[in-house]
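**Q** Sequence:
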Amino acid sequence: MVNSTFLREGVLRKASRGRRRGQLCETVRSAERARSDYLLIRLYFDQDFSIEEFTRGAKQAFSLVSKLLSQRKLDLLEELVSEEALKVLKEKISLLPDNHRVALAADIDAIMYTTEGDVRIYYDDDGRKFVSILMRFWYLNGANLPDDVPGETKVFQIMFGDESTKEKKHLLTANYEFQREFTEGAKPDWTITRIEHPRLLE
Numbered sequence: 127m128v129n130s131t132f133l134r135e136g137v138l139r140k141a142s143r144g145r146r147r148g149q150l151c152e153t154v155r156s157a158e159r160a161r162s163d164y165l166l167i168r169l170y171f172d173q174d175f176s177i178e179e180f181t182r183g184a185k186q187a188f189s190l191v192s193k194l195l196s197q198r199k200l201d202l203l204e205e206l207v208s209e210e211a212l213k214v215l216k217e218k219i220s221l222l223p224d225n226h227r228v229a230l231a232a233d234i235d236a237i238m239y240t241t242e243g244d245v246r247i248y249y250d251d252d253g254r255k256f257v258s259i260l261m262r263f264w265y266l267n268g269a270n271l272p273d274d275v276p277g278e279t280k281v282f283q284i285m286f287g288d289e290s291t292k293e294k295k296h297l298l299t300a301n302y303e304f305q306r307e308f309t310e311g312a313k314p315d316w317t318i319t320r321i322e323h324p325r326l327l328e
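According to this note's numbering, the residues represented by the sequence shown are 127 to 328, in order.
Read the hints as simulated data drawn from the structure, not as lab findings.
Hints are not guaranteed to be accurate.
[Stated by the list, open to error] Listed next, the in silico EDC-like pairs over lysine to aspartate or glutamate satisfying Cα-Cα at most 20 Å (straight line):
| no. | residue 1 | residue 2 |
| --- | --- | --- |
| 1 | 216 | 235 |
| 2 | 185 | 310 |
| 3 | 216 | 307 |
| 4 | 199 | 233 |
| 5 | 216 | 201 |
| 6 | 185 | 244 |
| 7 | 295 | 310 |
| 8 | 313 | 233 |
| 9 | 313 | 328 |
| 10 | 313 | 179 |
| 11 | 218 | 235 |
| 12 | 193 | 322 |
| 13 | 216 | 310 |
| 14 | 313 | 217 |
| 15 | 193 | 224 |
| 16 | 255 | 174 |
| 17 | 193 | 217 |
| 18 | 193 | 328 |
| 19 | 193 | 233 |
| 20 | 213 | 310 |
| 21 | 313 | 204 |
| 22 | 295 | 209 |
| 23 | 199 | 174 |
| 24 | 255 | 315 |
| 25 | 313 | 252 |
| 26 | 255 | 310 |
| 27 | 185 | 252 |
| 28 | 218 | 310 |
| 29 | 193 | 178 |
| 30 | 313 | 172 |
| 31 | 199 | 172 |
| 32 | 294 | 235 |
| 33 | 185 | 217 |
| 34 | 193 | 174 |
| 35 | 193 | 310 |
| 36 | 294 | 217 |
All figures in this text were calculated on a predicted structure; none of them were measured in a lab.
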């Protein structure tokens with residue numbers, strides 16, 4: 127007779143390996159798609175495009191915009207954020223608790239990890255050419271947040287220092303979408319068209 131516990135564990139291990147293989151394949155496919163998209167951008171829109179340089183600029187923009195949001199200085203975002211996104215932000219910021227608002231700010235040195243998400247290359251009805259890149263950021267913030275911020279994903283806490291000087295910081299995430307028009311004669315500027323701070327700015 128086969129031990130049922132062993133069987134369950136064996137099935138779980140196999141399922142876990144299967145999930146890991148599936149996740150790995152999806153990651154590889156995503157990376158391949160991203161490389162293809164960056165190649166298309168260089169071939170058809172901007173031969174000097176560099177995702178490394180773009181990422182550095184996106185981090186700086188994220189840090190600046192998140193701080194201005196935290197300080198409610200929305201009038202200073204008009205050159206950086208699209209009109210549609212800014213309208214949504216104004217409504218949300220006005221209702222935000224102070225501790226959530228403080229948690230929006232990301233110092234450039236507190237950004238722990240950055241990765242690219244979806245890349246879209248498209249034309250509108252007037253034939254204008256656009257590229258949008260979704261960037262995901264993980265950053266540390268010392269705002270006074272509850273141990274569990276409501277949402278699907280737990281807000282991680284990290285302790286610094288010894289017992290007498292320990293400092294609690296939260297590892298938070300944010301998604302910022304950057305868009306640029308590549309139609310001939312358009313300004314060579316990237317504009318933020320979507321801002322998401324899950325569990326904080328919703």
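**Q** Hints first: check each against the structure and report whether it holds.
**A** A quick look at each hint next to the structure:
Distance hint between residue 216 and residue 235 is unfulfilled; the C-alpha atoms sit about 27 Å from each other, more than 20 Å. Restraint check for residue 185 and residue 310: not satisfied, since their Cα atoms lie roughly 27 Å apart, outside the 20 Å limit. A distance of roughly 25 Å separates the Cα atoms of residue 216 and residue 307; the hinted pair therefore is violated under the 20 Å criterion. For a cut-off of 20 Å, the pair hint linking residue 199 to residue 233 stands: about 16 Å separates their Cα positions.
Between residue 216 and residue 201 the alpha-carbon distance is near 10 Å, which keeps this suggested pair within the 20 Å criterion. Between residue 185 and residue 244 the alpha-carbon distance is near 17 Å, which keeps this suggested pair within the 20 Å criterion. At most 20 Å may separate the alpha-carbon atoms for a hinted pair to count; residue 295 and residue 310 exceed this at roughly 46 Å. For a cut-off of 20 Å, the pair hint linking residue 313 to residue 233 is broken: about 28 Å separates their Cα positions.
In summary, the hint linking residue 313 to residue 328 is not supported, as the alpha carbons are separated by about 31 Å, beyond the 20 Å threshold. About 18 Å separates the Cα atoms of residue 313 and residue 179, which keeps this hinted pair within 20 Å; it holds. Taking the CA atoms of residue 218 and residue 235, the gap is about 26 Å. The hint is violated against a cut of 20 Å. For the suggested pair residue 193 and residue 322, the alpha carbons sit about 14 Å apart, so the restraint of at most 20 Å is met.
The suggested pairing of residue 216 with residue 310 is violated, with an alpha-carbon distance near 32 Å, which exceeds 20 Å. Taken as a hint, the residue 313 and residue 217 pair is broken in the structure, with Cα atoms around 28 Å apart against an allowance of 20 Å. Pair hint residue 193 plus residue 224 holds up; C-alpha atoms about 13 Å apart against a cutoff of 20 Å. Using a Cα cut-off of 20 Å, the hinted pair residue 255 and residue 174 holds, with the two alpha carbons roughly 17 Å apart.
Proposed proximity of residue 193 and residue 217 is supported: the alpha carbons are some 17 Å apart, at most 20 Å. Distance restraint check for residue 193 and residue 328: the Cα-Cα separation of roughly 17 Å lies within the 20 Å cut-off, and the hinted pair is therefore satisfied. Between residue 193 and residue 233 the CA atoms are separated by roughly 8 Å; this keeps the pair inside 20 Å, and the hint holds. A threshold of 20 Å between alpha carbons decides the hint, and for residue 213 with residue 310 the separation of about 28 Å lies outside it, so the pair is violated.
For a cut-off of 20 Å, the pair hint linking residue 313 to residue 204 stands: about 15 Å separates their Cα positions. Distance hint between residue 295 and residue 209 is unfulfilled; the C-alpha atoms sit about 33 Å from each other, more than 20 Å. Of the supplied pair hints, the one linking residue 199 and residue 174 is violated, its CA atoms being roughly 34 Å apart against a limit of 20 Å. Distance restraint check for residue 255 and residue 315: the Cα-Cα separation of roughly 13 Å lies within the 20 Å cut-off, and the hinted pair is therefore satisfied.
For the proposed pair residue 313 and residue 252, the alpha carbon gap of about 17 Å is at most 20 Å, so the pair holds. Restraint check: the Cα-Cα separation between residue 255 and residue 310 comes to about 9 Å, which is no more than 20 Å; the hinted pair holds. Our distance criterion of 20 Å between C-alpha atoms is broken by residue 185 and residue 252, whose separation comes to about 32 Å. Between residue 218 and residue 310 the alpha-carbon distance is near 35 Å, which puts this suggested pair outside the 20 Å criterion.
For the hint pairing residue 193 with residue 178, the CA-to-CA distance comes to about 23 Å; that exceeds 20 Å, so the pair is violated. Proposed proximity of residue 313 and residue 172 is supported: the alpha carbons are some 13 Å apart, at most 20 Å. Straight-line distance between C-alpha atoms of residue 199 and residue 172 comes to about 33 Å, which puts the hinted pair past the 20 Å bound. Using a Cα cut-off of 20 Å, the hinted pair residue 294 and residue 235 holds, with the two alpha carbons roughly 17 Å apart.
Proximity of residue 185 to residue 217 is assessed by CA-CA distance (about 25 Å); at most 20 Å being required, the pair is judged violated. A C-alpha spacing of about 30 Å is found between residue 193 and residue 174, which places the hinted pair above 20 Å, so the restraint is violated. For a cut-off of 20 Å, the pair hint linking residue 193 to residue 310 is broken: about 33 Å separates their Cα positions. This hinted pair does not check out: residue 294 and residue 217 have alpha carbons roughly 30 Å apart, beyond 20 Å.
Hint compliance for this structure: hints 1, 2, 3, 7, 8, 9, 11, 13, 14, 20, 22, 23, 27, 28, 29, 31, 33, 34, 35 and 36 are broken, all remaining hints hold.
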